[in-house]
Structure formats: structure tokens, C-alpha cells
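> Below, each chain spelled out in residue letters.
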Amino acid sequence: MANLPANPSITPELIAKHGLSPEEYEKVLSILGREPSFEELGVFSVMWSEHCSYKNSRPELRKFPTTGPSVLVKAGEENAGVIDIGDGWAVAFKIESHNHPSAVEPFQGAATGVGGIIRDIFTMGARPVFLMDSLRFGSIKGDSEQAKTNRRLFAGVVAGIAHYGNCIGLPTVAGEVYFDDSYNGNPLVNAFCLGILRHEQIARGAAEGIGNPVFYVGAETGRDGLAGAAFASRELTEESKADRPAVQVGDPFREKLLLEACLELLATDCVAGIQDMGAAGLTCSTCETASRGGTGVEIDIQLVPQRAKGQTPYEVLLSESQERMLVIVKKGQEATVKEIFEKWDLPYAEIGKVTDDGMMRVRNGNDVVVNVPARSLADDGPLYSREAAPFTPPAPLDLATVPQTDPLKALPQLLSHPSIASKRWVWRQYDHMVRTGTAVLPGSDAAVFIVREANKILAAATDCNAIYCKLDPSVGSRIAVAECARNLACSGAVPIGVTDNLNFGNPHKPENFYQLRAAVEGISEGCRAFNVPVTGGNVSLYNESPAGAIDPTPTISMVGRIDEVAHITTQAFKQAGDQIFLIGEIGSELGASHYLLAIHGRKEGAPPALVFDKEIAIHHALLGLIRKGFVRSAHDCSEGGLAVTIAESCFGTNFGATVDLGDTQQRPDVVLFNETQGRIVISVSPSDKAAVEAELSKSGVPFRAIGAVTAQADLSITTGASVFAWPVAMLNETFEGAIPSLMES
Amino acid sequence: MKAVVTVMPKPAILDPAGVAAGRAMEHLGLKGVRSVRIGKSIEIEVDGADEKQLHEICHDLLSNPVVEDYKLEILS
Amino acid sequence: MATISKAPTAIKVAVIQFPGSNCDTDCQAALASFPGVTAEIVWHKETSLAGYDAIVLPGGFSYGDYLRCGSIARFSPIMGAVRNAASTGVLVLGICNGFQILCEAGLLPGTLMRNRDLLFRCETLHLRVENNESPFTSVLHQGQVLEIPIAHGEGSYFADAETLKALNENNQVLVRYCDASGNVSAAANPNGSLENIAGICSHGRNVFGLMPHPERVCEPILGGTDGRGIFKSMIEWMATHKSNN
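Protein chains in written order, with my numbering: chain A, 95 to 839; chain B, 23 to 98; chain C, 1290 to 1534.
Derived from the structure by calculation, the hints contain no laboratory data. Wrong hints could be hidden among the right ones.
As the list claims (entries may be wrong) - Derived DEER-like restraints, expressed as beta-carbon distance ranges:
1) B:E90 with C:G1481: 25 to 33 Å
2) A:E294 with B:H49: 32 to 40 Å
3) C:S1337 with B:G54: 53 to 61 Å
We put the beta carbon where it would ideally sit given N, CA and C, even for glycine.
Start from the sequences and build out the full structure, keeping to the hints where you can.
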């Protein structure tokens, strides 16, 4: 086969524009034994891009622990990993990014990110049941052009997630939002979805069964996502530029129909394989299903439903139009597909068949425009081991260089920092109650969701303190895993699996690549320590602008299980008179803290230490107390330290707290705001105080009784000879009002 | 000055609302629906503005240039 | 002589499923939590609702809320049967998007518009029961304050002055937004609805539409059970009317 006469000729400039290095092009030539066609060049370019092939990160990702007795589908096998949760039920979950599109068009970028992750879950045969998101933006304070842009991005992203999630009927139950100037120009939008299924419902994305028909189902293909592709049309004129949208537009209604139709289809026995069309659309789904099946797939572009006129095969193959699936149907069962897709009013077409020659072959009517071994596209792409720069961990913070500040002022200031402040402005825009399963609403440490059909209680949290990761990626990534587990423990849950979203800068720069490597290794260590597998995830690189790269942000999402309704625990104090305990040390580490950043404007110092054994012992001790029915509330210490933790436990109640931390011989600001790890604040009934002390003593973890919940709504903290007190109402107003006052002016 | 601004999704952009309305029209018996695209009409009455200013407002505020085109018609 | 007692016949409720309905299974689960009640999902393309004692139009985003909320769903084939059932006195409950569809279909007066502050809003708030002389509020008492969540972007009730006057005179406003103490205040109005109207019934009192979601507060684990009163009222009414047949 040859390059069709109407196509551009394959020149070095064209190859370079397609992002293929000369060495990669040589590899293409040796695979094909000839020059590629224009369409084949496009196909290799997209499948071997970093986004699709993970060529710069795959050697590192192999370090993740991905196996275990509960793993039914492991990371990398399919679109999402699947974990057993007992009684024949399982969960499929994953997190994915849509960072660069959100910088261009925040609403649609975020919306289509949510759409994409939802498809990855139902393509596994699971019914999606809830969403989470992790968002990062530059500072939203002030009147600079950058701050205005950041507010616009923040509002647009939240509105986009709300639009898609609410319309498709999935509750967004948890998440995090951080604001830091390292994200200027590079917002991060990481979207998580979890779905539920029976073991026997697991669907695979493999083209099985020679001769089986290949169906295209879902929205018509347009020129979405092609603006960046070189020479997308044969005539590159101003007119054709206008024809290529810079963004994909999501249609959550269409995806709701697609979701219901696919689940209905999968419940019949007519599907041999199913795969969603995400990045690299039709190309990716075609070669990946063929590669997994050890078969070939042949399709005809002219049979693909299209919404624009005159699209070339190149355009149809590379289009990133949303809400489309590829379904391999068992021969003879085509009528079932048609019936279901007509019921749900969705476009569909039989576009090809499964072959036995291992090739991805694309026809344009009588012409063959692509004929490439599927494996070479999907699995045998180039892999690179980038150079990692040597790293010197930062010195511990020299406290002598940090002036003492008055905690009376510092606490409200910390609570009003948008990264710490209430995110109610965000989650009030999300329907977090649809599907009537959300037992713990947003605003607590972890979301708790009851899956009615399986009679199981799930918990989920997402965490990453990027300041820690910036200062020491190895420690920061270990802490991200530990913090997620700690949040789950506070809700009464035991971790069962992890998905990660690695957000970094340009991997060709050795200092960035070190961050990626260290993060993967830190996450792996953490997962092994907590005995949870990584089920899959996403890598987003090149998050940088001329000003520099983003702080390394390896977002961790962790899913846990709670055995009984009675174990579900939340962070708010429940009754005046309840006794407050601190499990863990008072702590002293101010390095890399939000106190240092928000009050003193410094991002420096070694992050707090993390010792897994100690951390795990504390979680076990807490879970032991929860299972015995002793714990009225539990909240973990993170950004802002103990003072923020105790204040947050008062919010949303009519209570205050009186707390005495004893004489630690430390400065008050260090005691109140340090971010030493492995600390949880709990409250218990006065009648259980002695029993709790006995249990904690037996467990061997450090702890101390620090005070009581009070009917009077004041927060009072004593440290050494100093007493600090605030009206809870004032702190609460500051906490709740911070983001609305910045966004609603 | 009276003006009407019409904001439409760009031709190549997917318009989900238009697609849904088009299908509903077919179900209501209208045959041969080829395309439906939904936009907004914004009627403005303003003292002392000039056309150049209005174009800026159209570009910066009334439309999202990433996904929408606008047409400004000065009536009087 | 032995008397043979007849077992009570089960109450059958139809929950209509439109393309884009999201709260259909939630409604089904809430209804099924009452003894003696069977709730079935009915696809919008069906044309008969014979045998059903009540009909629920659930929340969601039918047809994506495109064009106007409920504007396309009102033309679904099932709506003919809904209209007939309503005219014969069968209970019809429209929740959130269901309320929007009933208004678009003319089965209830007025319309629901975009929230005043232009944002989607999901939160639990308070409703005051304005009138308990209806099949939907009979087990509740006048002035009772219920905690029920909302989740909508277009929930601002509007009707012209004449219609509002008639609604008030005929006691057709069944629930209004209020604060925790039952004060119907501007501060307690989440979306700009005229007169804090959260739900109204038809002149014949057998069709009820409300924006809040009672099906979301029927179990203690989900935060409350104040939604049960509305369903309980309906069930008692249906049980009485069934045994009269």
C-alpha cells in the first residue's frame, strides 16, 4: 500500500510536526518494511505520544505493587483495575487528569475529563456510583491578571464538573482543592470514578473471536481535538482552521444514554469485548483491542457515523469526539445491539470485523489507508529511561529564623487560606446525594458511600500535599499514601486499593524526572506498607510554563471498606462533655508547613518525617476503638496542625472545646501549627474515658487526654503557660467565608 | 443605541442541546431534520457606546471565543 | 361461620424513566421501603399505566435539561397515559425534574426558572407544610417543619399574579422554604422562588410537584427520615381508595 496521491508527502518536517523523533521514525520504517502512509504517520504519532504510551514513565510505573489476593484485574491490563470486596462483588476505580484542556477551556476541559473517567469505569462492566476530584489552581487572592485568570479557571472547572456529574446522575462525594502559585498557567484537574459490579460482570477490552463484527456506538465523530494535529485537512486554509475546534465539548446526556445502553448490552451475552474511545479515539480503541485479543481488527472509515462533512480518514482516526465506544459483538448477535441502541436513541454502526492477522487495518472504501501490526502500536512503542538529577534533601527548618507570631491572629489567618478554608462553595454545586448512598457528605475526612445493591459500605479519600512533595518528593509521596489511609481510618475504614495521578513537569529535565521517580518509589513503599495494590492511574507530564514547572503533585486516591454501619465515623464533635484525646505525638515539625507558607510566606524546610510502622500502629489503634464503639468523632491532623484540626471538629456543631496540651517546652506557634504526621484527634463519651485509656495503653501508641468538648462555643487551647481562646463562631465564619468572599465579589 | 448580539456555538463545535432538540423534532413528526443549533440573542440598549466598544464587550463578555462566534447588529 | 378475610392488595406505583432520569431507582428504593408497596420502573415509551395506583416522575436531567428543563420529556409517549391517569384522580407526584415536566405539560401551573444566584445548589434545608388537606401531606400537620434536601440549578418557581392568587386561595401551595424555626423568610429561600414556593398541587389535589427530594431522606443512615411523611400520606390515601373499589 502507498500513501494516497491526495495526501501530503512524508517529509522530515512532517515527521517532526507529528512529534516523532528521527529514531522513532526509523523504528516505524523497520516495523512496516516501507514508508508509512500519511494516516499511518498520524496513528503512530498519537499512539507513541507520551499521553497514550507513557514512554517516559512506564519503566518507572513498573515499580508499583499491583498484585494481591483481592486484585481481579490489575493495573495496565484493562481500562481500570478491579478489586474484590466480598460476596461476589467488586469495585472498579481509577483517577485521570485533564489538565491541559482545562487550561484552555476550563468548563469543557473539566467536563470532558469527568466524562472520560466515567467511560473507563463502565467499559469494565461496572455501574459507576460516585466521583471525587482533586483540583489545583494558582492563587485566587488579589486583583492581578493572574489572580483573575485563576478565579475564572476555578469557577469554570467546578461548573464543568458539576455540569457533567450532575447531569449524568453521579454524586461527587469528596475531593480536595489547593491554591498555590506553582499552578499558575497549569491548573490540575484530576477526576476519580468508582463503579460496582459482580465478578462475572467484568468486561474486557479485547477483540476476541475471529470474524466477530466490530460495532461503533455513541456520538457521531467530528473534528474534536484536532486543532493541535498537524495537517489535519488536506488543504490547510484559514477556513479549515475554523473547522477544527480547540476543545472537545462533552454531552453528559448522551453519555448517560451510552452508560445505560452499554450496561444493558453487557447484561446480555452478546459482547465479546468493549472499549471506550478516549485519548486517540478510534485509533487507540482499535489497536488496543486487537493487541489484547492477539488478533487483528479491520474497519472501514466510510461506515463511521460522522457529524461533519468531508472528513478525511486521518481526521476520523485521530478525532477525540466524546461519548463513543467500540464493541466487539459475538457473530449472530447483532440484532441485540441494534435493539438496545435504538431503544436508547444512540447512533451505532457495524464498522468492521475481527481478523486473525494481528493487524490494525483501516479502509476508506476500497483503499487501505492503515495496515500496521496492532501490537507495535499499542504495546511495543518506544520506552525511555530519562535521566534523574541527584537530589539533596532539604535541611530541617531552622526555627531561629522563624519569628514567633501570635496564634490568636495566626489561626484565623490559616483558616482563611483558600487551601485550608471550607470548600462548601465547591461541593454545594455538585449533587452529592443522588443515588441515595452518601452516608457521609463532603466536609469530613473521607466520603462514605453505601452501595445498596451489594450491601457494602465504601469509603474514599484523595490526598496530596504538594509542598511536601516539592521539598522532598520521596517523603511527600509516602505521606500522600499515609494521609489517605489516615483519612480512611478516621471514617472507620480499612484501605483496599489505590489509584494515582502523577502530575509533573517536563520529564526531559533531570530535576523533574527525579521527582517522578522518587514519587513512584515513595508511593510503592507506602502501598506495600499498607498492603494495598495500585490498581491503575494516570500520568500527566509537561505541566510547566516559562516560569517553571508545577510543584510535583502525585495525587493519591484510596478506597476503603467499612464493615458495619455502626463503625461509620465523622469528624465533628457530638456532645458537650465528651473527652478529647490526641492519638500520636504533640509534634514539633514546622518545616514545609502551611503555617510557614501562609503566615511567613516561605516554602522551605524538610517535610515532617513519616515512619510507616508508627503510622500503621496508630490507625490500628483507632480502628480498634471504633470497632468497640468508643469513638464519637475522629479527625486527622494535616495542614495547619492541631489547632486547625480541633477547630474544624467544632465547626457545624454548637460546641466548643477546652484543650490543654501540657508543657512541651516549645513555642506556642510550633505546638499549635506543626504538621508532624501520625496524629488523630478523637472524642469519646466521659463514661468510656478509662476504657479508652486502657485500650490505647495496651496498643503502645503515644496518646494523651487533652480536654473536653464544651457547651460553650469557644475554642480554648493551653500550651505551657499560654492560653489562647477564640469564639468558634468567628473561626467558623472565617473558615466558611474565605472562598465565597473571593469568588462572589 | 440599540443593538442585537447573536451568540452561536462555532460551526465545528458539538452542540448537545441542538442535537437533542433536533431528535425531539423528529419524534414530533418533522421529517428530514438536518441540523439544529441553539444560541442566544442578547438585546442591548445603551447610551453613548460606539461600535468598537460593543465588539469588545461581545468578545470579552457576551461570548466565549473558544467555543462561540458572535454577530453584532446595530439597529439604531 | 368462618369469615374469610381478604389479604390487602399490594399498592403499585409506577416510576417513570425518561432518557436522562437519574433518581428513578432512588424513588423506587424509597417507595419499596414501605410495607405493601411495589414500585416499578416504567420506560417513557410505554403508553399505558393501567393497574398503577400512583405515578412518580422522578428527578434527574431528562433529555439533558436541554432547551428547557422538561420541555422535551413532556412529549414522551407515556405522558398521554400520565395525563389520563391524572384526570381520573390517580395520584401523580413530580419530584424536581418531575415537577418541571408537569409544569411544561400543563398538569401544574407556572414554571421553574434558573436559580437566582445562577449556581446549582445541593443542600439540606427546611420546608414548612402549608396545608395538610391533600393526599400528599395528610399525615403531616400544618406548620410542620421538614428537613429535606434540594439539588437543582433551575428551581425558582414563577407564576403570574393571577395564578399565584388562585394557588393561595385554593390552598394549593403545600410546602414553602423556611428556616429551622419555620419562618418563611427571604434568607431561607435558596433559589428565588416566588413566595418561597417549594411545591404545589393541582386544583383537583391529586397532582403534586415539588423541587426538594423526599426520597433522599427516607433512611436514618442517609441523614434523616423527613421524606417519609409524603410517601406515607400517599400510601394511606391509596389504601383507603383501593378498598373502596
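> Hints first: check each against the structure and report whether it holds.
Do the hints match the structure? See the list:
1. B:E90 with C:G1481: 25 to 33 Å: Holds, at about 27 Å.
2. A:E294 with B:H49: 32 to 40 Å: Since the Cβ atoms of A:E294 and B:H49 sit about 37 Å apart, the hinted range of 32 to 40 Å holds.
3. C:S1337 with B:G54: 53 to 61 Å: violated (31 Å)
Violated hint: 3 only; the structure is consistent with all others.
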